[in-house]
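There are 2 protein chains.
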Amino acid sequence: QMPRGNLETVHHRALVLAQLRRWLDSLKFRESFECMRKLRINLNLIYDHSPKVFLENIETFITQLDSINHINLFLTELKEEDTTSTMYPRPENSPVRPQTASGKKKVDVVCDALKSTMESMDPNKFCLSILTAHVKKTVPELEIALQKVHELRANPPKSPGAVSAEEALKYLLFLVNVNDLYEHSLGTYDFDLVLMVAEKSQKDPKEYLPFLNMLKSLEPNYQRFTIDKHLKRYRKALFHLSKCGQEHFPEALQLVKQQKLYNEALRLFTADSAQYKALSCAYAEHLVEQQQAEQAGLLLWRCGEITSALQAFATSNSWRNAICVAQQIPLPPDQLALLARDLAEKLTEQRRYSEAALLLDQYAKDCEEAILALITGAVWEEALRLIYMHNRQDITETNLKPALLEAVNTQTVFLEAQMTTFTRHKTRLAVVREQKEKARLDMLDEDGPDCADAELYSEASSVMTGSKYSHSNSRISSRSSKNRRKAERKKLSLKEGSPLEDKALMYALGEIITTVDKMREEVHSLLKTLVLFQFDKHAEKLQQAYDEALHKMEAAIPEVWPDGLQNNQAPLTGPNSTANSIMASFQQQQRPASSPQDAEVLAPPKMRNSVKWKLNVLT
Amino acid sequence: QMPRGNLETVHHRALVLAQLRRWLDSLKFRESFECMRKLRINLNLIYDHSPKVFLENIETFITQLDSINHINLFLTELKEEDTTSTMYPRPENSPVRPQTASGKKKVDVVCDALKSTMESMDPNKFCLSILTAHVKKTVPELEIALQKVHELRANPPKSPGAVSAEEALKYLLFLVNVNDLYEHSLGTYDFDLVLMVAEKSQKDPKEYLPFLNMLKSLEPNYQRFTIDKHLKRYRKALFHLSKCGQEHFPEALQLVKQQKLYNEALRLFTADSAQYKALSCAYAEHLVEQQQAEQAGLLLWRCGEITSALQAFATSNSWRNAICVAQQIPLPPDQLALLARDLAEKLTEQRRYSEAALLLDQYAKDCEEAILALITGAVWEEALRLIYMHNRQDITETNLKPALLEAVNTQTVFLEAQMTTFTRHKTRLAVVREQKEKARLDMLDEDGPDCADAELYSEASSVMTGSKYSHSNSRISSRSSKNRRKAERKKLSLKEGSPLEDKALMYALGEIITTVDKMREEVHSLLKTLVLFQFDKHAEKLQQAYDEALHKMEAAIPEVWPDGLQNNQAPLTGPNSTANSIMASFQQQQRPASSPQDAEVLAPPKMRNSVKWKLNVLT
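Chains P and X, in that order, give the protein sequences. Counting in this note's numbering, the first sequence runs from 225 upward without gaps. Counting in this note's numbering, the second sequence runs from 225 upward without gaps.
Each hint should be verified, as a subset may be incorrect.
Pairs involving identical chains hold if they fit within one copy or between any two copies, as the list cannot separate such chains.
Simulated pairs of lysine-lysine, BS3-like, Cα-Cα distance not exceeding 27 Å [unchecked claim]:
1) 349 <-> 424
2) 481 <-> 836
3) 456 <-> 467
4) 761 <-> 662
5) 467 <-> 742
6) 742 <-> 830
7) 765 <-> 481
8) 329 <-> 838
9) 484 <-> 460
No lab work stands behind these hints: they were computed from the structure.
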């Protein structure tokens with residue numbers, strides 16, 4: 225049983241809140257405030273009850289309270305929490321208050337509003353409240369507060385009853401941890417202020433005076449740098465240190481390296497200075513470590529460090545830049561040729577045959593190697609161009625023609641393998657779909673909602689979970705969303721009987737179509753070269769095989785990706801259906817499109833029929 | 225009032241059909257046949273009633289009928305129509321017969337099956353029926369039939385009662401139009417046969433004898449050519465003419481041109497022959513007319529017609545081939561340079577700057593023009609490569625740097641415009657969706673099935689029609705399917721209030737994302753070059769703008785293409801819902817994915833986050 229007094233309090237409070245709401249609506253802030261204080265009702269309600277009204281009537285609020293202490297009390301009690309949705313829920317049927325969607329935090333909004341109102345009303349009178357507003361912000365503005373104290377000391381206000389610097393500082397120390405305040409006072413670079421704070425604190429003068437005296441002895445910029453570094457404000461530290469002249473540059477460079485402030489540092493020096501160059505070199509070193517050797521090369525090149533630049537470009541396979549730099553050095557012809565060969569080799573490994581050939585031809589001056597690279601890469605027309613350019617028709621017989629016949633064979637075999645898999649998957653898909661449809665009809669025949677639910681949800685659960693997961697992560701970085709997609713696809717197992725086998729098959733079929741469709745350009749180029757060398761029979765065979773493959777795939781698209789995959793199953797209505805059975809059937813139909821990944825699988829692959837590849841002369 | 229007798233017939237027939245079905249099921253073909261003949265029931269039913277059973281019991285069928293006339297009657301009455309689905313529907317509840325899905329036509333299946341069975345049983349006895357089977361095929365095999373008659377004449381069968389050639393021919397003439405038969409007899413090149421047919425026909429010997437005599441006087445191949453040409457069998461005509469020696473080649477060439485038999489013709493001559501060359505030239509001329517000048521060039525080049533080949537390649541902008549041929553001729557340097565310039569100009573018009581630069585550099589020997597082409601095309605690194613290769617650093621100052629600044633400006637402006645449109649569309653989409661959702665809820669509130677139906681279907685109808693239309697055309701040619709897609713998209717009007725405005729907006733948003741995403745490579749390359757030339761400020765601005773654009777778009781994707789667009793609206797169930805209201809709500813939800821085009825719009829565009837474009841040195 226509840227103690228009787230407690231119940232009474234509850235009732236009492238409901239009445240009080242109703243009264244408070246009425247007072248707040250009629251802008252009776254003073255009555256509200258005093259009542260709330262007395263009954264220990266959270267002061268946030270004054271704002272939360274109607275933020276818009278409060279913000280529009282701040283001056284009234286301040287005037288009515290007419291007490292620095294009360295204003296300070298209100299400020300110190302401010303919390304991010306909305307008390308009308310936690311402690312003091314609004315009565316039902318009350319109109320919903322539109323939210324101020326400024327994106328700023330409530331505490332900051334109220335502090336800033338009060339502060340600026342008080343400053344416009346009477347900055348001296350409200351001095352302590354203004355300080356409170358600064359300190360109470362979510363990121364306390366201690367330096368501004370300290371600055372205000374310092375101003376009070378420099379120009380003591382003449383108005384009677386105005387707060388002195390002494391009093392203000394004392395008040396600040398009451399609000400804020402003394403060490404924080406000391407650190408921040410250092411951050412103003414104002415030693416008067418520092419001393420003032422230090423003296424008010426419990427700190428031992430033997431501790432801080434030597435440090436302050438040491439600082440005072442320093443050149444102003446270096447002094448500021450030392451303070452910034454002490455406060456771990458490295459960007460500011462670097463800025464001040466950069467003004468300390470050349471003799472301090474090594475220290476700056478070390479700071480830059482330690483704190484990785486390369487970009488900031490480069491902005492502090494002119495591009496033609498020695499410092500800029502030294503910073504660029506240091507940055508380049510760092511970038512190479514970060515696998516960004518190409519960018520390192522750019523920095524080195526532009527500041528004239530061309531040998532290092534060459535190294536960086538060669539490392540990053542940025543071959544055009546490497547060659548430019550090599551020619552700027554200039555590298556002697558034999559070394560240039562060697563460089564070109566090295567670069568070409570790496571490009572060949574990456575199957576970038578055309579670029580490799582360019583290097584071999586124009587810089588290594590080895591047209592034969594260049595032509596062979598192009599033949600290996602099946603870049604037939606370009607190979608022919610170099611053959612004629614260098615009058616090396618002999619290579620046509622020794623290498624080009626055999627490579628053509630090998631290529632036509634490779635392509636044919638590849639095509640056959642793709643089509644075999646395609647047909648197998650397509651046939652299997654039809655079987656799986658039939659089984660699923662049969663299972664669905666069986667389930668609905670039983671008509672009991674429980675049964676339908678149980679079966680449906682058990683299969684659905686994995687999909688639902690997947691969908692929920694993907695939703696909550698939809699804004700995460702591309703890298704993990706890529707991994708997620710991979711993981712989603714792993715779930716699509718092609719193993720017979722796997723729950724999503726039908727989608728796995730659709731995905732696999734789509735991949736085959738895309739792969740085969742991508743061959744258009746390569747097949748076209750191969751066919752032309754085959755015709756040129758009278759290999760018409762081979763060309764005809766390939767053209768026919770590829771044409772059939774494309775047609776077969778295009779014809780299969782409406783079957784594999786039927787129009788409106790979601791509603792190809794007619795709604796199951798009829799004399800025996802119930803709301804539950806209809807629901808169940810719809811739920812099942814809807815599942816396929818439950819995530820963007822599914823939409824991807826469900827959309828038929830696009831065939832690039834606009835890419836003409838067929839030769840008339842072979843039909 | 226219906227005449228009484230008629231009604232009786234109807235009733236009678238139902239009984240008869242039931243009896244027939246029983247007979248056919250128990251393989252009583254003779255009883256069935258006679259009954260059907262008597263009561264004028266279409267004989268196709270014998271096959272249609274159960275194709276599989278019939279085909280497995282053809283020998284029984286023939287043995288039971290035991291009459292050439294009856295077999296012929298059955299054969300001549302064969303039609304493609306399935307009488308069990310037209311004239312004589314199966315009784316309800318009868319098991320569905322599995323279809324023989326061989327793809328062959330019913331008439332051909334039955335003719336072939338009967339013919340081969342009869343041939344294995346007794347070709348002489350069933351001679352006339354076998355002829356009937358040949359003639360009744362959907363493409364009558366008149367020549368085979370005639371050949372059989374001719375064999376009968378050459379080797380008259382010794383068995384008693386066997387049909388003579390005379391009788392067989394007479395029978396054929398009864399089945400087939402005499403002129404058709406005469407033409408086909410000519411096609412056998414067998415003058416005995418021709419005369420035999422001609423004599424049996426009503427033809428005037430004064431008419432056909434001179435023609436036949438003329439033919440007889442010709443050299444065998446030319447004779448066959450003349451007959452083939454007379455019968456408009458041009459491929460065969462060409463084949464025979466090609467064997468008639470060189471003096472007939474002009475006639476062959478004319479035939480090839482007239483009938484466009486180029487591919488066939490080339491196969492009839494060896495590649496090193498004069499005829500092959502002449503045919504190639506003629507074909508090339510034709511191909512040029514067909515806008516296939518490149519293929520024409522290949523044919524001309526390979527048969528040594530290099531001047532014409534050059535012309536063809538130049539026309540078709542097949543610049544590599546053109547240059548090869550020019551060097552084979554070989555063109556003098558100044559003319560080669562001129563050719564290169566011409567080709568480069570056309571490539572520039574097509575924005576193929578890199579290729580144009582190659583021509584200008586390597587063949588026109590004009591490195592300056594080449595570099596300028598690359599700068600125009602924003603191919604920065606390649607431009608630099610040529611600048612260093614030709615030691616033309618002056619162009620860096622005069623052209624490259626100004627072009628860089630222009631490019632960064634163009635890209636920024638373009639990006640801003642895209643993002644403005646993007647934001648406008650996104651905002652509008654939210655409004656449209658809210659309106660649609662509201663309209664939907666309003667509709668369902670009214671709860672009456674009639675009302676819901678009326679409103680829903682009126683909006684749905686256009687979509688449904690579209691879906692149906694696209695379905696019926698799903699196998700048509702790619703060209704028209706592309707046009708159709710265009711048409712579908714035209715329906716997606718961005719005009720405010722258009723019925724599919726939401727989809728139009730999604731489509732437009734997807735296009736913008738794809739466009740902006742495609743800029744990665746170009747922006748990356750521009751940024752690197754800007755850094756190289758110390759335009760860090762410009763580069764930073766562009767990098768930031770592009771980064772923001774990509775992030776904004778990526779963040780918008782889950783909003784524009786929500787997970788499971790189809791079921792983001794919770795099923796409307798509750799105390800007030802009815803089976804009809806649930807149905808209606810589901811129908812509306814399903815509509816978005818009703819066609820593959822929709823699936824395309826519904827699938828979020830893929831952003832290529834794996835393409836790294838950002839520079840560390842600019843962050």
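Practice item. Please flag the earlier hints that this structure goes against, numbers listed from lowest up. Key: Failing hints, ascending: 4, 5, 8.
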